[in-house]
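Construct the complete structure from the given sequences, taking the supplied hints into account.
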Amino acid sequence: MSGALDNNHEIVIKANLISKYFPGVTALDQVDFEVRKGETHALVGENGAGKSTLMKILYREYTEDAGSLHIGGKDAKGMDIRQVRGLGLSLIHQDLNLVPTFTVAHNVCMGSEPVNKLGFIDWKKLKEKATPYLREISSDINLDAKAGELSISQQQLVTVARALVAHPKFLILDEPTARLDQKSTEALFDFLNRCKTKGITIVYISHRLEEIYRICDRITVLRDGKKILTASVQELTQTELVKHMVGRELKQQVPKEEAAISDVCLSVRNLTPITKVQDISFDLRSGEILGIVGSIGSGKSEVARAIFGADRKQSGDISINGKAVKIKEPRDAINAGIALVPEERRKQGLVSTESIRKNMTLASLGKKFCAGGIWIRERKERAVVEKAIKDFSMATPGPEQETRLLSGGTQQKVVIGKWLLSDSKIYVFDEPTKGIDVGGKHDIYRMIVDLAKNGAGVIFISNELDEVLALCDRTLIMFNGHLVKEVINKNTTKDELLFYVMGGKENGSKGV
Amino acid sequence: MNRSSSNLKKMHTLGKKDAISIFLIKYAVFVFFFFVYLAIAIYKPVFLNPANLADILLTSSLVSFVSFGLSIVFAAGGVDLSFPNIAGYGAMLSTYLMIEIGYPVWLGVAAGISVGLLIGSFNGFMVTRLYINSFIATLGTLFILRGFLYWLTGGQSMQILPQGFEYLGRGTILNVRMPVYFMVGVFLLCHLFMEKTRWGRQITLVGGNIEAARLSGVDIKMMTLLAFMICGLLSPLSGMLQAASASAAAVDIGDRFMVPAFAAAMMGTVIFQGKHVILGTLFGIIFVESLNNAAFILGVSPEIRRVVPGIVLLATIAFNYYAKRALSEKRIHAQ
Amino acid sequence: MVQKAYNWNRFIANYGLLFAFLLAVIVFSLWSNNFLNWGNIQNILIQTTSLGVCAFGLTLIMMMGEIDLSYAGLTGMIGAVMLKMIMAGYSPASVVVVCLVIGIASGLCIALLVVGLGMSSFMVTLAAWFIYMGLERFIGHGVTHWIYKYDESILKIVQGHIGPLPVPVIIMFALFLLCWLFQTRTRTGQYIVAVGENIEAVKEVGLKAKLIKGATFVAGGLIFGLTGLIETLRIGGSMVYSGRFLLVYALGAVFLGSAAFKAGKYNFPGTLLGALFFYTIINGLTLNAVEFYYIPLVQGLFLILAVAITTVKRGEIEQVQF
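Chains as they are written, first to last, in my numbering: chain X, 1 to 512; chain G, 1 to 335; chain D, 1 to 322.
Among the hints, erroneous ones may be present.
[Said to hold, decoys possible] Cut-off 27 Å, straight-line C-alpha distance, at most; resulting in silico cross-link-like pairs (BS3-like, lysine-lysine):
1. Lys367/X to Lys44/G
2. Lys203/D to Lys129/X
3. Lys490/X to Lys425/X
4. Lys210/D to Lys146/X
5. Lys434/X to Lys387/X
6. Lys347/X to Lys210/D
Calculated directly from the structure, the hints in this document are not laboratory data.
In structure tokens:
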């Protein structure tokens, strides 16, 4: 059975009226999705719109409840993951699933290791086999290195190399640049362009507008589990695209309001969290939103964690409101009034098997919700949390719902709410809007702006230069473990930020 | 937002009939045991005899203390393999002090509990300061205590126990033996501790996600240590009351608790899908002991009876597993 | 100078068990002249056999990230079954086959529950242990039976020598080599380790992770069956709860093994060393007429010490997964 012809384009992936139900929610509602041969097709939508679910159905990790699916002309109903791989489909996503103690070469060839006559793995041949695939995507990763020792960016590239071994005809990439630094992103795009010339069909899921418009031919928008439209990149402007994704016009991406900036509340001097990140010094004022940007490896997360005491620092002095404080553990930081909204909300921010109530009161349990510091007042907890749910417009039926059932944005609100309840005065946000839909982002920006308005000092760490530019008053740029530049947001441009993020120096030469 | 509010509506439109069947599925284990008890009671009515029920309560109470302690350690994300020997040590030390040295009963009991607390602290120390996996650490303690137990007693058992001590195990109030009252008291203490106190909540959250708890300001070392200390504190109660109730204390007195306590504590973590572990453990204890009793009444040989805790545990896990699956399907069809 | 001291610390930390083992050997050989003679060493080796074999099976299962406690009851139950068969006059060959088949069947059941249905391996194998213990009692009625009274020929399996070493010891070393080469050199062996480290990685390359896990449980069951066979033959009969001590020693050996070499992961050479270690202690102490209760004491202390040396620098609490 050959593929159906549609306007002279061969359709290689054809999903018809796909529906998928989960307990309490319709993930996909009669979605049509068609991908033409050799094109790079973007799949966009807010968090929870159904992109990941659709991809998992394509990949046969999920089974559709209704509808039909044809891949490469063959009916995919009843196929499992292995069979679909046999059809030439490969998925690359952010969960870097490598085996940490195996070498890069072994990880790349896993599943198809060359064996010698005894049935033992031929390690030399393995390395030879892995090399061309790895070099396709990266020029400098060492094949003998253990996968666990690589940086996150490098690990992501290794997963791409691994997917290539099967000589895929169809590549699905799910937010592939989320973990990549600038250099690796460029390497990835080079690679994708080469795939295009080879005629490989690509499905590209992303939240990043510039990337979509850069490498994709057509876009399909999903919203609330339904397909909204499919259009070519030329036919759709970025604003229109966002409008279709959100379903309502966003008046303002970031609800920035000027806040009264007063005295220095946090002072960091000569902070050296780890050997690589050196000598960081800066001040933070009450009412100020201070941005810290930098690509992976710049050390910005390490700075955040060191301030909060999440990791032990090597050296450095921290003062709060002029008084020196010793911060060795998160508890010290919390007592000093510092809060950290960590990078991975599910692993670090929430106890996902517990309810919203128990999570939100965790940081202030002894202070606010316990009689005599020991006996928990559950009624007070419930009342306070219910109010918070209303104030933050959290999408949940109540405070007892388990946090693992919430959407990313709502989960993040629980984490932020936890710190709000603890009356912290200094907030450090580490990539708070990662993986969150447009509407959720907006709500979080709102919360941050309100924090500053109420006199807190906010440190906002992010990789997305647009939001940093719009949200922050001042921005620090870190590169390769050093604080290289400080700018006033009003007076700077995105280009300038990017320049320093990529290691540019004032005299024009790049690199440190 | 559009999607979330429509989802909210869907969650609220579960009909009454569905609510009942969801209830049934969630508590399938209880339903199952209810029918089992019904069958046993019909076949052998002596099962429901007050004297028999009192006996079930007695054996349950003896194992309850180690079970509660163990379930608290489970809640904190660890295991304790040494509790049988902590129970034994508490029993032997207290009886030794009372008989050979002449300590008054209260002092002997206090000594037993104190040494348990000490051992529990040692276990906690290994886990929180030496960072040894609790499995290995308590395994080591198990070995060490075995040596100590024999060193202390020379393998001998204590036969003549002081009257006051015996009363703790054999005395009755309203025809119910003393250990049962202790069980009720300890149960309430443990239950309230885990459900209503800050420490209990923090222990549960440390077990749930230790990193998130740490980053939220919970003293994870202290909470983990506390869990092991409580287990160490409670374990001697099982040993001492067993000795008091049987009027004899032997070196291996704690060994018989290993299997039922593990089964009961595991059930505790599963019965209510991870919540209310102390209550779940209590049910686990009662299920195991009552079925053991039923097997005895039904004339089942002692060899087969030993299989009972294993089967009960397996049945509970199986029910919980199927209940989870059925629940999620129910929610889909409820739309 | 400072650099040298630092390297020693790291060396000890990485090879905790090795260090502890050498220390024990040195202490015992100084303490008693009889320790290092060949007959005594043979003694240690023979005693270690069933523990070693059992621990290899356990190592395989723990490498893939699961646990299996069933062996503690399985080996005893197999002993009871063996005796029943021998007393009824079955041939040695059929007895051996039945042992192995029981082991495989046990592994299969566990595989179905854990891999097929997704239940916790800890709970299922714990329940299995309890059930097997009960079955052992049921089949053997709690009485010790001696094999030689019924059939001498089957005992010959463990009584011979191949070269300087007794047959059981050869079996143990052979199994060790088999397991070790399998795990480090073959694709499936590596997949088992990969499953333990990151099962998603295995699934993503299209491998049947469930099949790998299931097969490992079955292999483990087979090895446990072999353990029951060897142990019963070595003792010469079915003793009640003969598997009891095996529970903690096998686990201890595997844990110790993970502390033996750099990676801190389960490995076969380490497990072998760990098993030898336990019996070395027993032997060394017994040889010097130390009271028997010192044995578990010393073993426990060494276990904790050896593992602590490698973990003390870790800096974070390790929790147990159910």
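*Hint check against the structure, violated hint numbers in rising order*: 1
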